[in-house]
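Please build the complete structure, drawing on both the sequences and the hints.
Protein chains in written order, with our numbering: chain A, 1 to 284; chain B, 1 to 254.
These are computed hints drawn from the structure, not numbers from a lab. Just so it is clear, the structure is predicted and the values come from calculations on it, not from any experiment. Please note that a few of the clues may not be correct.
[As the list claims (entries may be wrong)] Capping the alpha-carbon separation at 25 Å, the derived lysine to aspartate or glutamate pairs in DMTMM-like fashion look like this: (1) A:K82 to B:D65; (2) B:K66 to B:D30; (3) A:K151 to B:D133; (4) B:K187 to B:E38; (5) B:K66 to A:E161; (6) A:K212 to B:D142; (7) B:K187 to B:E220; (8) B:K63 to A:E161; (9) A:K82 to A:D115; (10) B:K228 to B:D211; (11) A:K212 to B:D151; (12) A:K268 to B:D142; (13) B:K63 to A:E174; (14) B:K187 to B:E177; (15) A:K268 to B:D65; (16) B:K192 to B:D214.
[To be verified] In silico contact screen, one side only, chain B against chain A (beta carbon under 7 Å); selected entries: (17) M112; (18) G116; (19) Y231.
C-beta: ideal position from N, C-alpha, C; glycine also.
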Amino acid sequence: MVLEFLSYQFGVRALTGGLIVAVTCSSLGVFLVLRRLSLVADGLSHVAFGGIAFGLFTGIYPLYTAVVGVILGALGIHALGKLRVASDAAIAIMFAAGLAIGIILISITQNVAVDVLSFLFGTILGINQTDIYLAAGLGVIVVGILLLFWKEWVGITIDAEFARVSGLPVPALELVFTILTGLTVVVAMRLVGVLLVSSLIVIPASAMIQLKMPFRRTVLSACGVAVFSVVAGLQLSFMYNLAPGGSIVLVTICFFSLAAVVARVFPKIPKKPASGSWQHQCDR
Amino acid sequence: MPVTHPEGEQVCLTLNNVWFAYGASTVLEDVSLSIRQEELVGIAGPNGSGKSTLMKIMVGLLKPDKGTISFTCHIDECEGITPCRPCIGYVPQNPLIRQEQFPVTAREVVEMGTFGQIGLFRRMNADSRRAVDNAITEAGLDNVQHELFSDLSGGQQQRTLIARALVGRPHIIALDEPTNGVDAQSKQEFYKLITHLNKVHRITVLMILHDLPDLAAHVERVIFLQRKVIYDGPSSNLNAEGLWNLMIEAGRST
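See below:
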């Protein structure tokens, strides 16, 4: 039966959480991929791992400490950028720092192996009501800020230099954007796990960018791909008893491959203008 | 030495004793110059002479290590703002959008020119949409406005970037090597456009050019840079050969 998992309470929770994650990750993903910052999500997911380990160590709910961890990680990446450290090196440094802190804290905390595995590989079918509320809250914040500053994000994505000359506060916007990426990572982590979290951000966006659509349509279609991938991944996981996180990511990869084939077999041919010179209309 | 301005000349941009270095490597040494309103200025010099750095300082992308830069614009919204953003339209040399597969249409690129003036949070209104429509029509981009920017020809891309810089109605337009990757016909159209903007719309034009014969033919004033200003004067005083000699001498001294 199609979507049979919805007859179970855990299945409804999984789908709800999955849809929140799909929309949040994919809408942010287009901006990240175009700005060549796909690795930021990966770096911050490992910083979040350090935050989770801190939560397990102190007994605080791990997703709360992960939120604090990613915000500190985002500030760290930004601060390293100010010290003229190259952006990929800054991400790698924070990535390593987060992982190192996580490993040390876990090694000195007793009986957390199962919890750690659930965060590393994701447990979408085991998410509870608190996870849903946290994901919904963070998702609303991320998508809300994304929509509120839509033209500013488009501006710094198209041409950050021009945006600065136009007077947009580009460094502040970039910091906010990195924090939003970190929050998105936390939202997605419970679903697909630390190790696959960046895939939901990067793959739907990369798939749709290949189809050469206008900006808004690219973001909307990436959301569509992510939503469909979550539903199809959960169904496949339920039908064949597969790991849900991995199934969702594999569906997104199928979409990416399909889009790659479509883009090459049916390339979009640009129209050529009948005339294309300046009109020199004077109104001064 | 600070720049002194001859009486009666309307100066819109002044640099006094500007120094800039990337780490230990000094790129600009004690550069002082002033740009007068409605001038058509070409900035030239060998590779690494500091041309792009100078332009980035002029448009506010970089802050000088030492020295001052000041704008005098006679529109209300510019008062007290340095650099006076609404006054300057900028055409960067090689923006990220020139890459293949960047899903942005020509119209979306031109729309970006209105973002700074609209302000944070606010969406484009009817006036800004009309300004974009006009800029697109003036740039002859009506037929391709919904095409991806990366699918346009080099000349069309250049016109799109200039339309974006002009949509906010700036008093100064700064162009960083605008004729790179543009074919001969588009280049002629470009110079015609620049002359038109300068003479008819009375926009001050600053542009970095590598092509010395073009520089001699199409600009009124040449600033030749080799970390410091080596020549600053009318292009009519120098034929293309003279500029070449300057460039060769500058190259030898580095």
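The hints, checked one at a time:
For the hint linking K82 (chain A) to D65 (chain B), the alpha-carbon distance of about 16 Å falls within 25 Å, and the restraint holds. The suggested pairing of K66 (chain B) with D30 (chain B) holds, with an alpha-carbon distance near 8 Å, which does not exceed 25 Å. Of the pairs offered as hints, the one joining K151 (chain A) and D133 (chain B) holds, with about 18 Å between alpha carbons and a cut-off of 25 Å not exceeded. For the hint linking K187 (chain B) to E38 (chain B), the alpha-carbon distance of about 22 Å falls within 25 Å, and the restraint holds.
A distance of roughly 22 Å separates the Cα atoms of K66 (chain B) and E161 (chain A); the hinted pair therefore holds under the 25 Å criterion. Restraint check for K212 (chain A) and D142 (chain B): satisfied, since their Cα atoms lie roughly 19 Å apart, inside the 25 Å limit. With a C-alpha separation of about 18 Å, the suggested pair K187 (chain B) and E220 (chain B) falls inside the 25 Å cut-off, and the hint holds. With a CA separation close to 14 Å, the supplied pair K63 (chain B) and E161 (chain A) stays within the 25 Å bound.
Restraint check for K82 (chain A) and D115 (chain A): not satisfied, since their Cα atoms lie roughly 36 Å apart, outside the 25 Å limit. Between the alpha carbons of K228 (chain B) and D211 (chain B) the distance comes to roughly 20 Å, so the proposed pair stays at or under 25 Å and holds. Pair hint K212 (chain A) plus D151 (chain B) holds up; C-alpha atoms about 10 Å apart against a cutoff of 25 Å. With a C-alpha separation of about 19 Å, the suggested pair K268 (chain A) and D142 (chain B) falls inside the 25 Å cut-off, and the hint holds.
A threshold of 25 Å between alpha carbons decides the hint, and for K63 (chain B) with E174 (chain A) the separation of about 19 Å falls inside it, so the pair holds. For the suggested pair K187 (chain B) and E177 (chain B), the alpha carbons sit about 12 Å apart, so the restraint of at most 25 Å is met. Our distance criterion of 25 Å between C-alpha atoms is broken by K268 (chain A) and D65 (chain B), whose separation comes to about 48 Å. Between K192 (chain B) and D214 (chain B) the CA atoms are separated by roughly 12 Å; this keeps the pair inside 25 Å, and the hint holds.
A cut of 7 Å between beta carbons decides the hint on M112 (chain B): the least distance to chain A is about 5 Å, and the hint holds. Of the supplied interface hints, the one on G116 (chain B) holds, with its beta-carbon coming within about 3 Å of a beta-carbon of chain A, less than 7 Å. Interface restraint check: Y231 (chain B) against chain A, minimum CB-CB distance 27 Å, threshold 7 Å, status violated.
Violation of the numbered hints given earlier is confined to hints 9, 15, 19; the remaining hints are satisfied by the structure.
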